[in-house]
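Undergrad: Here the structure of chain A is known, so what remains is to put chain B in place on it, guided by the hints.
For the record, the sequence lines run as chains A and B.
Each residue of the first sequence is one higher than the one before, counting from 1 in the numbering used here.
Each residue of the second sequence is one higher than the one before, counting from 1 in the numbering used here.
It is possible that part of the hints are untrue.
Repeated chains share a single entry, so a pair holds when one copy, or any two copies, can fit it.
Said to hold, decoys possible - With a straight-line cut-off of 20 Å between C-alpha atoms, the simulated EDC-like cross-links for lysine to aspartate or glutamate are: (1) Lys243 - Glu273; (2) Lys22 - Asp362; (3) Lys243 - Asp267; (4) Lys156 - Asp384; (5) Lys156 - Glu382; (6) Lys149 - Asp197; (7) Lys22 - Asp40; (8) Lys149 - Glu223; (9) Lys243 - Glu400; (10) Lys288 - Glu24; (11) Lys149 - Glu201; (12) Lys243 - Asp232; (13) Lys156 - Asp362; (14) Lys288 - Glu118; (15) Lys243 - Glu175; (16) Lys17 - Asp124; (17) Lys156 - Asp40; (18) Lys149 - Glu382.
It is worth saying that the hints were derived from the structure and are not from the lab.
2 protein chains.
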Amino acid sequence: MKEFFQVLDIDTVLAFKTRFPKVESEVVQLDQALGRVLADNIVAGGDIPGFNRATMDGFAVQAASTFGASEQNPAYLTIAGSVNMGQAPGFSIGPGQAARIATGGMLPPGADCVVMVEHTDTIDDSTVEIHRSQAPGQNMVAGNEDVSKGQRVLAKGRRLRPQEIGILAACGYGELMVYRRPRVGIISTGDEVVPIDTVPEPGRIRDINSHALAALLRDNGAEPVFYGIVGDSYRDLFAHCRKALVESDMVLISGGSSVGMRDLTLDALQALEQSRILVHGISIRPGKPTILAQCGSKAFWGLPGHVASAMVVFMVVVRPFLEHLCGQTAIPPLRVSARLTRNLVSVQGRVGFVRVRLVHQDGEYWAEPILGQSGLIHTMVEADGLVAIDMNCEGLEKGELVEVRLI
Amino acid sequence: MKEFFQVLDIDTVLAFKTRFPKVESEVVQLDQALGRVLADNIVAGGDIPGFNRATMDGFAVQAASTFGASEQNPAYLTIAGSVNMGQAPGFSIGPGQAARIATGGMLPPGADCVVMVEHTDTIDDSTVEIHRSQAPGQNMVAGNEDVSKGQRVLAKGRRLRPQEIGILAACGYGELMVYRRPRVGIISTGDEVVPIDTVPEPGRIRDINSHALAALLRDNGAEPVFYGIVGDSYRDLFAHCRKALVESDMVLISGGSSVGMRDLTLDALQALEQSRILVHGISIRPGKPTILAQCGSKAFWGLPGHVASAMVVFMVVVRPFLEHLCGQTAIPPLRVSARLTRNLVSVQGRVGFVRVRLVHQDGEYWAEPILGQSGLIHTMVEADGLVAIDMNCEGLEKGELVEVRLI
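Same shape as in the complex, but just chain A (with noise of 0.2 Å):
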């Protein structure tokens, strides 16, 4: 058996992202940029709404013009016109005056706030009684409330939510400039694996790995493409980790759980042109027997073969990476608070990762730890999140409070 070279702890190894570059831009109509990362600053070119806007249904009027108005001492306007929807009004508003206005039409020149129509009665064509006192700018949006003329709107690296596909039609981007899906090659190793669609014979299974890997690169933004699976043989090992070099963006190689396969793939990765071994084992678990060579400007991934932890990497370490790559700014996972179910011991030197079922009971969560070995899918199955357990600590208590990391 090898020996691993240091074992490296998560933020050394996350630091190498930055060694990769990130995968070029391209345009994309606005209804498929859902989901997609910017590749440049969106910068308004216009106000929005562009125009002092009514939000209620009213009268538009100088708030002057009201002060002191009430139930019992009501203000008496005279009615210069009406404002029709989407037309500019071809009046303006001075003192002790008032135009009809609904929700979302334009405030005339003069017209600093709307009267709700509730607290209005009009007398005639050309008199309005006011109710209230209003204040300059009540009932209505300015000019430039919602976005101004040249304002930063978005920043390069956002990844796109549907408000942000909102403000992005609001500024009348009909298409815009996203990075590219990265393409990542998948191979799942070993003698004992066959495709899904046989039925494996005694001692054989499934390739699980490449189809639950596939989905979590889909999920994240990128493009997964399948170079089938290799058996106990360098040639073949060889030629597969090339050709998914050569035509991805970074591989990851799973499987081999077996120190001869993985010795095979160590070797398969250093063969590579212009091929760096930068970690081989990383201090968590699951997950240790985890590799990272840089070929050239590529990253390929050796994971381990066991899916949960090749999962378990993917979510804490790999994934980081294809953000990297896909030009996302670095967001923090988000984080649940939830009490522990049960107590969890630590591992000696390095940063444990369980798997935990989330059930919000009386007002909080729980996390129920899920019992089971790395190699069962069934346990990934059944987990919501996963609670990190620092090497330094003690273990965690049952009823302590703890961050659940949502899977």
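TA: What follows is chain B alone, placed relative to chain A:
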């Protein structure tokens, strides 16, 4: 102005969802199934892994052969053979015997545990020294430990995450039945609304709502279909509503924030075939002027015109209907605990939904309310979640622990 029929509370509105049928199911390939909803229960056709499997490199033995063994007093076992990866071993293990085995290998009949190679010393080709006493089941998984034949692995209605894709691969599901994506029609209304590729003249604004709602629909597994912008014309509005209704599983109409446009929308919805207004006003803020019509077997929503109102109503009210349509088992939205950075007042007679930004500081989240009216899209862009203020509560205080619903 037409009266609201009767403002209903959220729970009453949500209970209407069972009036609408689920969409049909369709077959998808496993690698297209991420995020889709299972239309069938998934039952395992066989045990997984299907054989007793080593989880460490070492020797497969009968635990009883090692009882009492230690460094000082090792047990000496006879090496009966080696297990080839991916093959059923052609021999069995009796008392006093051992078989070389690698991680992932199949234990020979008779063996009931694996001794890690680190706890052994191979004396010669036929003898191995065992330095530890082993319990049955150590360093292996049993043949049905991950999944048992006939077990219901995943239930109908489950939305598929990467780990569910993994277990489906393990069970050999190269394709599966999922619910079809609901088609949801989107109509924007208002004389002031222009397409996003237009530079709006004074008094006009771009159609933010259609694009923000389309993104929300995509984010929730539906397929949006745009039916354009309709101005203040009953005839046009009715024609658009009718077309959208025929071609879609559900329709969202938004905009028309003025009373006139709202009345027109209500008239159009009432005039549709087999139409019945179920909801005309919900006791929430923002979002009170929401309409829900049942048109035959389809839900037709009249959403508020202000974009933040429309989005909040979508998230809080429409989404559960969509989940129901998609066949998804209802899952309560995830809530993150956070402390308020300022006091919030409650709204008389309505549940308030306040947009908040989440800030992680000193090990806990703070929820910072975002100021600004519901017509402003930037208030949604700055928000990470919503805090609900119950109508019966006096208000929430600065520093109080609240639950944030992520958006």
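Undergrad: Would you mind marking each hint as holding or not holding in the structure?
TA: Here's how the hints hold up against the structure:
1. Lys243 - Glu273: Close inside one copy (12 Å), not across copies (60 Å); limit 20 Å.
2. Lys22 - Asp362: Answer is neither: 45 Å inside a copy and 32 Å across each miss the 20 Å cutoff.
3. Lys243 - Asp267: within (16 Å within a copy, 63 Å between copies)
4. Lys156 - Asp384: between (31 Å within a copy, 18 Å between copies)
5. Lys156 - Glu382: between (36 Å within a copy, 15 Å between copies)
6. Lys149 - Asp197: between (57 Å within a copy, 17 Å between copies)
7. Lys22 - Asp40: Within one copy only: 13 Å inside, 41 Å across.
8. Lys149 - Glu223: neither (36 Å within a copy, 33 Å between copies)
9. Lys243 - Glu400: Result: close neither inside a copy nor across copies, 49 Å intra and 57 Å inter.
10. Lys288 - Glu24: neither (32 Å within a copy, 45 Å between copies)
11. Lys149 - Glu201: Only across copies: Lys149 and Glu201 sit 15 Å apart there, 67 Å inside one copy, limit 20 Å.
12. Lys243 - Asp232: within (18 Å within a copy, 60 Å between copies)
13. Lys156 - Asp362: Intra 42 Å, inter 28 Å, cutoff 20 Å: neither.
14. Lys288 - Glu118: between (68 Å within a copy, 17 Å between copies)
15. Lys243 - Glu175: neither (34 Å within a copy, 28 Å between copies)
16. Lys17 - Asp124: Intra 72 Å, inter 47 Å, cutoff 20 Å: neither.
17. Lys156 - Asp40: within (5 Å within a copy, 42 Å between copies)
18. Lys149 - Glu382: Between copies only: 18 Å across chains, 49 Å inside a chain, cut-off 20 Å.
Against the hints set out earlier in the document, violations occur for numbers 2, 8, 9, 10, 13, 15 and 16.
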